[in-house]
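**Q** Each chain is listed here by its residues.
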Amino acid sequence: MENNSTQLNIQQPTHEVTIFAEPIFNVGGLQITNSLLTSWLALLVIVAISLAIRLKIQKIPNKLQNIFELVLEGAMGLVDQVTNDRKITDKIFPIVFSLFMFILVNNWLGLLPFVGSVGFNVLEEGHTVFVPLFRSGTADINMTLALSIMIVIASNIFGILTIGVWKIFNKYVNLKALGDIFTKVKHDKSIVIVSPISFFVGVLELLGEFAKVASLSFRLFGNVFAGEVLLASMGAIFLYVLPGPFLFLEVFVGLIQALIFSLLASVYFTIAAQDHSEHEEEHSEKQLASV
Amino acid sequence: MQDFINTFHIDWRLMIAQMINFGLVFVALYFLAAKPLRNLIKDRTAEIETGLNDAKTNAILLEQTKREYADALSKARIEAQKVFEEGKKEALVKKETMLNDARAEVSTMIENGKIVLEAEKAKMVNDAKRELASLAILAAQKIIEEKK
Chain U
1 MENNSTQLNI
11 QQPTHEVTIF
21 AEPIFNVGGL
31 QITNSLLTSW
41 LALLVIVAIS
51 LAIRLKIQKI
61 PNKLQNIFEL
71 VLEGAMGLVD
81 QVTNDRKITD
91 KIFPIVFSLF
101 MFILVNNWLG
111 LLPFVGSVGF
121 NVLEEGHTVF
131 VPLFRSGTAD
141 INMTLALSIM
151 IVIASNIFGI
161 LTIGVWKIFN
171 KYVNLKALGD
181 IFTKVKHDKS
191 IVIVSPISFF
201 VGVLELLGEF
211 AKVASLSFRL
221 FGNVFAGEVL
231 LASMGAIFLY
241 VLPGPFLFLE
251 VFVGLIQALI
261 FSLLASVYFT
271 IAAQDHSEHE
281 EEHSEKQLAS
291 V
Chain P
1001 MQDFINTFHI
1011 DWRLMIAQMI
1021 NFGLVFVALY
1031 FLAAKPLRNL
1041 IKDRTAEIET
1051 GLNDAKTNAI
1061 LLEQTKREYA
1071 DALSKARIEA
1081 QKVFEEGKKE
1091 ALVKKETMLN
1101 DARAEVSTMI
1111 ENGKIVLEAE
1121 KAKMVNDAKR
1131 ELASLAILAA
1141 QKIIEEKK
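The listed protein sequences derive, respectively, from chains U and P. Residues 1 to 291 (our numbering) are what the first sequence spells out, left to right. Residues 1001 to 1148 (our numbering) are what the second sequence spells out, left to right.
Careful: at least some of the hints might be erroneous.
[To be verified] Taking lysine-lysine pairs in the DSSO-like style, the calculated list, with each CA pair at most 27 Å apart, reads:
(1) U:Lys56 / P:Lys1035
(2) P:Lys1042 / U:Lys63
(3) P:Lys1088 / U:Lys59
(4) U:Lys87 / P:Lys1042
(5) U:Lys91 / P:Lys1035
(6) P:Lys1035 / U:Lys87
(7) P:Lys1075 / P:Lys1088
For the record, the hints were derived by calculation from the structure and aren't laboratory data.
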């Protein structure tokens, strides 16, 4: 009986949707996961599309160029709505648009029929486990975390380049607010209470940067991974027709998530490029003027 | 933290690999597609703007030219009318002069003709007289000869 069950296990490999990307092979100590393979595939697709556009670019656009121009113009309009400044849009658009395309292609590649279904069997603890060769790139926290860290760091660098190191430093470690206690206390006694609060707000801002990384990465990962689980579950209930509507839903979710991630990135870039202390000073000046 | 890393299989090398992937996507998308396309769109927009401005200028120019053409045409008509009138007047004057000249010439010719005719007539009469005289002489001679 035991033999029979072992045989049964070997004949019918189990496939559990894991929360992490499964390793496929090793290159010099680096485990190449199925998600990394898919993101390489996404990279290839994007390079191919870009090359096709570059080679067929012409003043009177063809179909592909038309679509791409439409997407490009629409995306610029969206980023413009966030930044409200064409100069900032021009600077951040390449990175935001690349982010959108990379996430979108990765999300959609994860929905293709061969992703999750083409793979090989591995013997793990006496069980034969099916390991898919491809898994959506964004269904791996390493990918989303990498992108989020990169965006948060890039937004701060952008802030430094736009408004200066001192202002960005003061945003997190508000030495200026602490200094104001000594310089402005004669004119305004309330500064003794306000300045430490401002300093603490700066510390919160610093924590907020970590929160940004967490929220960006887990939102994308969670949505895409949940989509995979949902599709797998629907397929397990009834393989035919039933997953169809959910597949459409996932196409939509993939687009929305790519949009949210890139728009939030543009929001972070815009916030980093704004000088809050100037706004506050202007605000206080206006208040004084109104008094 | 370790639990978190173990649960999600977080690997910094994979993260760096994904960052490199994104970098490549950025390079490919920006330098191969987005930048040339944006430049192209900018150029096209500039061209269209120039074309529209040119079209506007051309329309204004066309309108102006039409007006100038109409003005020139009407001026030319007036001028032509004037020239025609003057020509007509001049022609009438010339006609009158020519007619007068012709009349004068004709009358001179008639006068001359008359004088020539008179002279001819006188000459003819003289000739006739002379002829008649010679005839009379001849006749008288014949008569005389016959009587002899």
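**Q** All hints, please: hold or fail.
**A** These are the hints, each one checked on the structure:
1. With a C-alpha separation of about 14 Å, the suggested pairing of U:Lys56 with P:Lys1035 holds against the 27 Å cut-off.
2. Our distance criterion of 27 Å between C-alpha atoms is met by P:Lys1042 and U:Lys63, whose separation comes to about 19 Å.
3. A threshold of 27 Å between alpha carbons decides the hint, and for P:Lys1088 with U:Lys59 the separation of about 64 Å lies outside it, so the pair is violated.
4. At roughly 15 Å between alpha-carbon atoms, U:Lys87 and P:Lys1042 fall within 27 Å of each other, so this suggested pair holds.
5. Restraint check for U:Lys91 and P:Lys1035: satisfied, since their Cα atoms lie roughly 12 Å apart, inside the 27 Å limit.
6. Between the alpha carbons of P:Lys1035 and U:Lys87 the distance comes to roughly 15 Å, so the proposed pair stays at or under 27 Å and holds.
7. With a C-alpha separation of about 19 Å, the suggested pair P:Lys1075 and P:Lys1088 falls inside the 27 Å cut-off, and the hint holds.
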